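Chemist: Listed below, chain by chain, are the residues.
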Amino acid sequence: MSTPSEQAPYVLEGVGRIDASIASQLDEQLKALHAAGVRVLILDLSKVTYLSSSGLRVLLLALRRQEASGGRFVLRNVPERIMRVLRIAGFDRLFPIEGDPALTSETHDA
Amino acid sequence: MTPSEVCFTSDRANLSQIAEFVAEQARLAGLDEQRVFEIQMATDEACTNSIEHAYDGEPAGEIRVCCYIEDTDFVVRVTDFGREFNPDLVPQPDVTAPLEERSIGGLGLFFMRKLVDDIQFSFDPIQGNQVILRKRRACP
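Just so you know, the sequences run in chain order A and P. 2 is the number of the first residue of the first sequence in our numbering; add one for each residue after it. 485 is the number of the first residue of the second sequence in our numbering; add one for each residue after it.
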C-alpha cells in the first residue's frame, strides 16, 4: 500500500478470491485508508475471481464508512461473474460502479 | 460417479481448496459452468457458516464435504461437529433495503438458498450439523 493522499482518489486493486479467509484483511486495509483520510476510495475488482458474502459485508461496511464522512466508495471494473453476485444481494443499487463490464467479462487468476 | 468425500479442518485458508474440490466434482457430474459456479459458491457459504458459527472461527474443527449424484441432482453434503446451527433463527436480509437499513448478517444463508435447487439442514448431537445442497445437473 503506497502512502495515501487525502485529495486524490485512492485505487486499491483486489486480486483472486475475496472469501472469508481474506475478508478481515481487506476490512483492515479499507479501514486504514479511511483513517488516513482518503475521501474517494476505489476498489478495482478486475482481477477478482470470486466474492462471497464475507466479502460483501466488508464492502458494505466500507461504503457506510466512506459515506458517513462525506467521502465515496466506488467499485471499478467489475467482472460479470462478480456483478451477478452483487445483483443477487441487491448491492448493484447501493454502490457506485464504474468501468465497462464488457472489458472485464472474465478474468482468470490464481 | 462414486461419492467422493474429503475432510478439511475449519481453517478459513481451506475454503479455496474446498471450492476447487466441489468444482471438479460438479464438472465430472456434467454441470455447466454457470451451475458449477453456483454450487461452488453455495458450498463456500455453507463451509464459511460452519467455520464462523459452528466452530466460532476456531481452525481445528472438522468439516466433511461429500459430493455425489442422486437421480437428476448433483448433491453436496457439508458436515461439521460444532455448535448446533439453526437456520430458522437467522433473520432474512432485505436485499432491496437502502444502505442505512441494510443489515450485514444473513447474507450467506440467503446466497445458499438462492443458488441451489434444494437445501436441507439437520442437526444431531452425534452426526453434527449437516447441510445438503442439491443442484439439478441440467436445465429442466
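Careful, some of the hints might be misleading.
To be verified - Which chain P residues face chain A? A few, computed with CB under 8 angstroms, are given here: (1) Asp528; (2) Thr532; (3) Glu536; (4) Arg586; (5) Leu591; (6) Lys598; (7) Phe605.
Everything labelled a hint here was simulated from the structure, so no lab data went into it. Keep in mind that this is a model prediction, so the values were computed, not measured. Glycine included, every Cβ here is placed at the ideal spot set by N, Cα and C.
Chemist: I'd like to know which numbered hints this structure contradicts. Please list them from smallest to largest.
Modeler: Result: hint 7 breaks, nothing else.
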